[in-house]
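Each protein sequence line maps, in turn, to chains A and B. Note that the first sequence covers residues 0 to 79 in numbering that gives the first Met the number 0. Note that the second sequence covers residues 0 to 321 in numbering that gives the first Met the number 0.
In short, the hints are calculated from the structure, not lab data.
Only pairs whose alpha carbons sit at most 30 Å apart, straight line, appear in this in silico BS3-like list of lysine-lysine:
#, chain 1, residue 1, chain 2, residue 2
1, B, 234, A, 66
2, B, 208, A, 60
3, B, 196, A, 66
4, A, 65, A, 33
Since the structure is predicted, the reported quantities are computational estimates derived from the model, not experimental observations.
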Amino acid sequence: MSAEVKPVDTLDLRGVLCPMNFVKTKLKLESMQKGEVLEVILDSGEPIQNVPKSIKEEGHKIIDVKKEEDHFRLLVEKGE
Amino acid sequence: MDRFIEDKTTRVEVSLDGETKKLDFGELKTGGFIKQRQRDLFTVRLRCPGGRVPTDKLIEISKIAHKYSKKGVIHLSFRQSIEILYVDYKDFPELVKELEAIGWKVASCGPRVRVPTACGGCEYNPNGLTDTQALAKMVDEKFFGTPTHHKFKISFSGCPIDCARTREMDLGFQGVVEPEWEEPPCTGCTICAEACKEGAIESDPDTGKPIYYPDKCIYCGDCIRACPTGAWRAKRYGHLVRIGGKHGRWPMEAVEVALFVPDEKVPEVIEKTIEWYMANGMRGERIGKTLERVGVEKYLEFMKDVFGDNVLEAKEAACQQK
Ligand code: HEM
Ligand code: HEM
Ligand code: SF4
Ligand code: SF4
Ligand code: SF4
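Using the sequences provided together with the hints, build the complete structure.
Structural data, given as structure tokens:
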């Protein structure tokens, strides 16, 4: 399923620290329509420990996750 | 101790409106009046369970503090209460009357159950697993001021980060959640292994799916919150119960005695623990010392029916006390 989903945009948050990485994700998602998908690239360690749960808490859905070397590539579907 | 006005005397002569009256501290039924080094001046410690104060009350408290503090200052105590500093003891009756009028109370001192402390907990802290604020309120209503052999401090932390430092309390309740994994929704994304800071989850090298090591798990729930698919879920919530901690000059670390104790058992745990302490402790002895002297296993034996399956092994508990 995830292979066919086309993200409308990509945020490369490698090197961006908590909580700015989440704030940037949140601001981007706010500019999008419900159901649209954003690709987010996060470092492992703190960013991947924190950002996905915050995304979930705000009512968005993580529909795909790929691990690549020392970072993760997430597809986030905007919720309400 | 002679600074402790409620123990020194219960009646003090006070001149009020030109008349001499007896000020009866016994009648005030509180001990939250603490002598300062300055002559005639006291600190009045207010009762703020869990450190929570509604803003409308705070405005009224501010007015009262502003009126009665000779220096116009309050202090936020280490146990989350508001202390009005530099209060002249002759103003006590008026001050107490004004506090009563807004429905606010003074804290306790001495050998009894103190105002419970609590972190934000699950009401608004993202890590919170238990409703610490509601529990602190309940304890304050039910147990505040209960006489004990020495001070008895209770606190509630919402999760294993333990901001309310349950390890240093006579009796502490720390929120825990037991994670449970179900294969079907799991996509093998490995986020849970990254999210677990305790090394309790490893990713299977082939599938990416989690391998769980319960021995390392501290029941924080980070895996549950991080998992995008809901494959990790909460099996049950409860409290890790710690007993016998204190700080001060000679800190003692509390012993862990029970795990996953549900909210509704908390009052019974407190009640029976105080009962055991009153039967086994000595005047002036903190419960941690009583446990050392009498033995944790004796306490656990007494608590058998309360803790039930939630009890932690006496051997384990004793080892942790070192
Ligand atoms: C001169 C003697 C005293 C000293 C040096 C002293 C020192 C302290 C210290 C260092 C703490 C902080 C511990 C904590 O954060 O839990 C504390 C807390 C406390 N003490 Fe004292 N104390 C004295 C007398 C008293 C008296 C006479 C009372 C009762 C009337 C009292 C009641 C309390 C209470 C209720 C707390 C908890 C504080 C809170 O609610 O924030 N203390 N004391
Ligand atoms: C009648 C009043 C009080 C009595 C009889 C009393 C008695 C004691 C005793 C016997 C200890 C144990 C000493 C030790 O472990 O070395 C102790 C510890 C302590 N007391 Fe008091 N105390 C009184 C009031 C207070 C007050 C008003 C405060 C703070 C404002 C206070 C703060 C402390 C603190 C911080 C400790 C260190 C123990 C701990 O919190 O873990 N005490 N007190
Ligand atoms: S103990 Fe946990 S729930 Fe409580 S304030 Fe700290 S992090 Fe939040
Ligand atoms: S509850 Fe906490 S310690 Fe236990 S496996 Fe999950 S993240 Fe790790
Ligand atoms: S985070 Fe959830 S979906 Fe991802 S590997 Fe762990 S259990 Fe599976």
